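Q: As a plain string of letters, each chain reads:
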Amino acid sequence: MKSTIQELEKTASQIRRDIVRMVHACQSGHPGGSLGCTDFFTALYFEVMNHDPKFNMDGIGEDLFFLSNGHISPVFYSTLAHAGYFDKAELATFRKLNTRLQGHPTTHEHLPGVRIASGSLGQGLSVAIGAALAKKLNGDKSLVFTLHGDGELQEGQIWEAAMFAPHNKVDNLISTIDFNRQQIDGPTEKVLSLGDLHAKWVAFGWDVLEMKGNDMADVVKTLELAKSRTGQGKPIMILMHTEMGYGVDFMVGTHKWHGAAPNDEQLASALAQLEETLGDY
Amino acid sequence: MKKYTYTDKKDTRSGFGAGLLEAGKKNDQVVALCADLIGSLKMNDFIKEFPERFVQVGIAEANMIGIAAGMTIGGKIPFTGTFANFSTGRVYDQIRQSVAYSNKNVKICASHAGLTLGEDGATHQILEDIGLMKMLPGMTVINPCDYNQTKAATMAIAEHEGPVYLRFGRPVVPIFTDADQKFEIGKAWMVNEGADVSIFATGHLVWEAILAGEKLAEEGIDAEIINIHTIKPLDAEAVLKSVAKTGCVVTAEEHNRLGGLGDSIAQLLAVNNPTPQEYVAVNDSFGESGTPEQLMTKYGLDADHIVAAVKKVIERKNKNA
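First to last, the sequence lines map onto chains A and B.
Per the numbering used here, the very first residue in the first sequence carries number 1; after that it's consecutive.
Per the numbering used here, the very first residue in the second sequence carries number 1; after that it's consecutive.
Chain A with its partners taken away, still in its complex shape (with noise of 0.2 Å):
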């Protein structure tokens, strides 16, 4: 390993305090999934992925990422910062006029580490196949990884692309699911119930796992035991289960957290709970 499961969590302490004084300084952005998120792009990006932060669009050699739930871009930017796309103090224009770091990730401002826009839900496992076939086409041998909210899973172009990567063994590419049961309007089993999830994409003919996404050593665990389990004939799909607000007690295990900010107070409880560790941006 490059790091001990301490050092990323450390890491990861960081980052959350980072999501929530974001989300604090522009009084808006979505905290909840993004705390969620925190431990799997902790991983993803100080342990699992070979990535370089001088970024390049193609990614040639290099595995690439693609969050396809662009709403809990606070946990992104904050991860590539952390990694050096680019300095941490840009963290403080999250949201705000003229800033790369757009409400949503785009490519269009050009920002390091963002390969598409996202934020206009399932349309992301759609990109990540393409990409993923462009390497096959140029002998690439490195990976692409994914994540997407269940609740994302409500949408079509999901179960067009679930259908697509078996049938054309798409088996460089590493989808995740953050399976935390809540989006906007409440729980998804009252929403619109996602049904036997493992089952379903078993039957859709993808190699899929389980993993605590808020066990720091089980997502690496489980990362390189799909990794490990590439290039099969199978596309592989984590199913992540996460609690929504995880790291900041009272925004745990609910949706309400999913869109709204801390006001002062509750940003001082916060952050009571997150150790810094990196040093605030």
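Source of the hints: derived by calculation from the structure; they are not laboratory data.
On a predicted model such as this, the values are computed, not experimentally measured, just so you know.
A hint or two may mislead.
What the hints assert, rightly or not - If you want a taste of the chain A side facing chain B, the calculated C-beta under 8 Å gives, among others:
1) Asn-56
2) Ile-60
3) Gly-61
4) Phe-86
5) Leu-111
6) Gln-123
7) Ala-134
8) Lys-135
9) Ala-161
10) Asp-171
11) Lys-234
Glycine included, C-beta positions come from ideal geometry on N, C-alpha and C.
With chain A held as given, fit chain B onto it using these hints.
A: For chain B alone, coordinates are given in the frame of chain A:
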């Protein structure tokens, strides 16, 4: 009136198929994707020559656009192929976010555009696609007029960096442009110089404009005919130069009068040189089943309707004088 003749007729979609093959031979980064319409899009020759560079997506157009966007990451130049309706309206948000806003080098190639799709009827006859596509920032919109021009345009867009919407059609139409033409994106083609009226036509209506020009010449009306194959970016210089000379305009297109070529010209003129204009276009309606010829006549998209529009606009010009 310059004389245009033809010895052969072919569909513009076959021009696309031929151009795609040539583009593929010239640049090994060119890849093609199709949503279960290989034969209709004339992609067979490309697939035969480059089977590994073709992706059959199935009936899943949204996925096709996304995959195409993703393939540009890694340097590919994807050409997507399906009917114009399924290339635009069905996948508007996918094009907007994953292609246009993301500035991906995807070529959206759309056959069976407009009424001339014929008997399948209005579900398949999109008349709004030019408007939808030209409203997207950064999107180039091209609607060539015959087989040769479509082939040349297909080859040209492979060398153009950025998203393109290429629109062509199903019916067999006269081939009257040069086989070895150089297609310049955004550069209008002067079909016939004239002094009395400017006819700006695109796609299948260019040939109808030529027929109209011949009829008008018999009546002593000297029509300037310009082929606007690139609707965006519009060749403003060519349009303004022509209108400064003629003082009146007819636009002709196989599209809804709302949002098409006519509106692009009208907007340019409103700001720079307000000029009497008549539209030859579909009058804000859906199409229906019928043969292409029957439909073009019924919906007012033929040489006779261009002639009538020219006479009307010249009358307006003279009244203003």
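Q: The structure should be examined with respect to each hint, and the outcome stated for every one.
A: So, going through the hints one by one against the coordinates:
A least Cβ separation of about 10 Å between Asn-56 (chain A) and chain B goes past the 8 Å threshold, and the interface hint is therefore violated. Proximity of Ile-60 (chain A) to chain B holds as hinted, the smallest CB-CB distance being about 7 Å (cut-off 8 Å). Contact between Gly-61 (chain A) and chain B, as hinted, is not supported at the beta carbon level, the nearest pair being about 10 Å apart and thus beyond 8 Å. The beta carbon of Phe-86 (chain A) is not positioned within 8 Å of any beta carbon in chain B (closest approach about 19 Å), and the interface hint is therefore violated.
Taking 8 Å as the C-beta cut-off, the interface hint given for Leu-111 (chain A) is violated, the closest approach to chain B being about 12 Å. The interface hint given for Gln-123 (chain A) holds, since its Cβ lies 5 Å from the closest Cβ of chain B, which is under the 8 Å cut-off. Interface hint status for Ala-134 (chain A): upheld, as the beta-carbon distance to the closest one in chain B is roughly 3 Å, under 8 Å. For the restraint placing Lys-135 (chain A) at the interface with chain B, the shortest Cβ-Cβ distance is roughly 6 Å, inside the 8 Å limit, so the hint holds.
Below 8 Å, beta-carbon pairs count as interface contacts, and Ala-161 (chain A) has one with chain B at about 5 Å; its hint therefore holds. The closest approach between the C-beta of Asp-171 (chain A) and any C-beta of chain B is roughly 16 Å, which is over the 8 Å cut-off, so the hint fails. The beta carbon of Lys-234 (chain A) comes no nearer than 18 Å to any beta carbon in chain B, farther than 8 Å, and the hint placing it at the interface is violated.
Of the hints listed earlier, those the structure fails to meet are numbers 1, 3, 4, 5, 10 and 11, in rising order.
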